[in-house]
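K.L.:
Each chain, letter by letter, is given below.
2 protein chains.
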Amino acid sequence: MIRFAQSVTNLRTSEIRDLMSLATRPDIISFAGGMPGNELFPLAEMDEVYNSLSDKEKQMAMQYGPTSGLPCLLESLSSFLEKKGLPVKENKLMITTGSLQAINILAKAFIDPGDSILVENPCFIGAMSAFKSYGANMISVPLTKSGLDLKFLEEKVNADDRYKFFYFTPNFHNPAGTLYSAEDKKKIIQIMNNKNIPLIEDDAYSDLYFYPEDAEDLKTVKAINPAGIDVCYTGSFSKIIGPGLRLGWMLVPPHIYQKCELLKQSFDACSPSFTQVLADKFIRTEFIYTYIERVREEYKKRAEVMIKSLKENLPEYIEWNEPRGGFYIWLKLPEGTDSTEILKIAIEKGVVFVSGKTFDPDALKNDKIRISYCNTPEEVIKKGIPLLAEAIKEKCGK
Amino acid sequence: MIRFAQSVTNLRTSEIRDLMSLATRPDIISFAGGMPGNELFPLAEMDEVYNSLSDKEKQMAMQYGPTSGLPCLLESLSSFLEKKGLPVKENKLMITTGSLQAINILAKAFIDPGDSILVENPCFIGAMSAFKSYGANMISVPLTKSGLDLKFLEEKVNADDRYKFFYFTPNFHNPAGTLYSAEDKKKIIQIMNNKNIPLIEDDAYSDLYFYPEDAEDLKTVKAINPAGIDVCYTGSFSKIIGPGLRLGWMLVPPHIYQKCELLKQSFDACSPSFTQVLADKFIRTEFIYTYIERVREEYKKRAEVMIKSLKENLPEYIEWNEPRGGFYIWLKLPEGTDSTEILKIAIEKGVVFVSGKTFDPDALKNDKIRISYCNTPEEVIKKGIPLLAEAIKEKCGK
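Chains X and W, in that order, are what the protein sequence lines are. For the first sequence, counting from 1, position 217 maps to 217 in my numbering; every step adds exactly one. For the second sequence, counting from 1, position 80 maps to 80 in my numbering; every step adds exactly one.
Certain hints may be false.
[Stated by the list, open to error] Derived pair list, reagent style DSS-like, types lysine-lysine, alpha-carbon separation capped at 30 Å:
(1) X:84 with X:301
(2) X:383 with W:56
(3) X:56 with W:56
(4) X:56 with W:301
(5) W:56 with X:300
(6) X:89 with X:151
(7) W:300 with X:56
(8) X:56 with W:349
(9) W:56 with X:301
(10) X:398 with X:344
(11) X:349 with W:56
(12) X:382 with W:56
(13) X:56 with X:219
(14) W:301 with W:195
(15) W:383 with X:56
(16) W:393 with W:145
(17) X:56 with W:382
[What the hints assert, rightly or not] Short, incomplete list of chain X residues facing chain W, as computed with Cβ under 10 Å:
(18) 12
(19) 34
(20) 64
(21) 112
(22) 245
(23) 270
(24) 344
Just so you know, the hints here were simulated from the structure itself, not pulled from any lab data. Built from N, CA and C at the ideal position, the CB exists for glycine as well.
Excised from the complex, chain X in its bound form (with noise of 0.2 Å):
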């Protein structure tokens, strides 16, 4: 009998797994996934990086890197998050490989079995995973339209302050594509404020912005530096380059970088160099901002019109969230629904989505719908949502 360790043992796999391997099939219009569309990626820009390499350049590309991240990009990345008013130079700035291993490091730093942690309800599900994987206790923050149950949030604080951290998502939620309020963000603060309560912060989309007068709601909480709070916050190149990269980072204080990178050691010595060194070439010729500049346009056509479709199609009794930027719409059924009965018809329709129990830290409530507008055509949205449609009015109604 194999004795695996304990918080492995209970590892289940997930429901989106299966998701996946169907989205990959031609004949499903597929709203599941949460990665680009294949054909937004910026191939002939990426030719011109790899063919404006030296002969150096390339070695280093081959060779290992520093745990930390190769010079080149922490410098080039440094002056692209300064420019969103992170608060670089008083922080330790880290490459990851992929946003996803910034988080599972930092829940490995803080996290012994049977700790406690917040989160959102619902929670982005890469991140629950990591926090499983530990043997975290996961408390669940419900979600509003401008951000948090504050009253929720502050009461669970100053009822225990025990909690190893709290890892949110303000910028675009996954699944439910919140974009927190610069109020609520504000109040977070107070609220957290001397509390030694660690936040993590997961900002994977805040570029994909789809209207500039945001400026306020978007500033995230490590650019407003409070005092009194350590802010660790992760991000990453996968929207607004590719995630065939794997490059991430975080942005940590010093105290708890050092014992990230001795834990990032320890996981896989460094990242890549040889797509560090493609990133890097990626910023300084501002690739990085026309790139984004064409993607957030993009994925804002296809929002429009899945919502579009979404009126027309839906019934009234279903609510949802009007994407202002990122990848999702969390479509929310009459309560208790089971969302996996109506997946089951949809995939006969030839459609998938994500049901909301995945994203459910608590793993109960199935009563929700995730879907993307992130790697579908226009096209093939006005094709997709009245089959969606179709398949929650068979088990809701009309």
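Could you slot chain W onto chain X? The hints should help.
P.N.:
Okay, now just chain W, sitting in the frame of chain X:
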């Protein structure tokens, strides 16, 4: 006060990191590194590979891939591993972000804080840092000229079957350079048979043999595929293409694979697609075979130059292994010598190496020295070894 997880609070930075920064100084001759020489990387082949990619392949390179690895690479790597006699079909293969990640995932899969595991003494530092980070209690088995202290191993596993696994590096050990004899490998299989203690066979170097007549000894334990033992085999592209790709693999029994895939998902979702696409082509073009041939000859030359220079310069009382492959020579200083003191003298003379304590799971003995010839050209080796010899003589006598 920040509250880190238990296993993390004890993590400390190792001497080797400061060395690495020294090692990159142009005025310093470094025998410290474990990385291929920059001038040896297959840049021309990589250009050819990149320029041969179709847009579809470039899109795949920019996108997320399956957690287990890109199907094309799993296929080409399988054929590469089957040529080495590995039982690919009876096991499951997973692409990891370097083989250190494979080792780390296996460590997490098995280790609860306080669990005992068996390792070699000396032991690969990366593996030790992973094992420590999960709170493992490392019981170390001494290496011998032909492999392992088998009597010691047998006593340990007969006295106590609670060891979670035995981690070993039988082919061109890092740091000891040892190639286990076929005889020792067979005896290890006898000893571990039906003990319910999985083996983790770390095989990053076996392609870098100098003497084809060693074929019998080079056969991996995984290739022998012993019944009654779970062998988890790990390998890497780092020494046969380039570490900058950050690609390795694990080949493990299906019942162990399942948990590892869940952990991999929570670590970084998938390995870099970009470098997976390149590695796949590098195998399919058969560049990998000609490149291995090329570096094999170069490392053999460098090893011979280093051995010759050691013989000419080192005092009689210093013993070392004559490497038959891999990257390392392991110098045995007089019992009780503190090699860190020699390192200080050596640095003044302009040469660095890694002191023995770095590789001691018990962090006690420091009377050994690891020198590597892998990334030092012949002329530099000829200049550096006499300086190293001077430093040793100053401390230990003529």
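K.L.:
Are the hints correct? Go through all of them and say.
P.N.:
Against the structure, the hints come out as follows:
1. X:84 with X:301: holds (24 Å)
2. X:383 with W:56: At roughly 25 Å apart (the allowed maximum being 30 Å), residue 56 of chain W and residue 383 of chain X satisfy the hint.
3. X:56 with W:56: holds (29 Å)
4. X:56 with W:301: Holds, at about 24 Å.
5. W:56 with X:300: Given that 30 Å is the threshold and the Cα spacing comes to 25 Å, the pair holds.
6. X:89 with X:151: Answer violated: residue 89 of chain X to residue 151 of chain X is near 34 Å, above 30 Å.
7. W:300 with X:56: holds (25 Å)
8. X:56 with W:349: Measuring from Cα to Cα gives roughly 28 Å; hence the hint holds.
9. W:56 with X:301: holds (24 Å)
10. X:398 with X:344: Status holds; Cα separation ~18 Å.
11. X:349 with W:56: holds (28 Å)
12. X:382 with W:56: holds (25 Å)
13. X:56 with X:219: Given pair residue 56 of chain X, residue 219 of chain X is violated - Cα atoms ~38 Å apart, limit 30 Å.
14. W:301 with W:195: Status violated; Cα separation ~42 Å.
15. W:383 with X:56: Holds, at about 25 Å.
16. W:393 with W:145: holds (25 Å)
17. X:56 with W:382: holds (25 Å)
18. 12: Nearest chain W Cβ about 8 Å off; hint holds.
19. 34: holds (9 Å)
20. 64: holds (4 Å)
21. 112: This hint holds: residue 112 of chain X lies near chain W, its Cβ roughly 5 Å from the closest one there, short of 10 Å.
22. 245: Holds, about 6 Å.
23. 270: Check passed: Cβ of residue 270 of chain X comes within 7 Å of chain W, closer than 10 Å.
24. 344: violated (24 Å)
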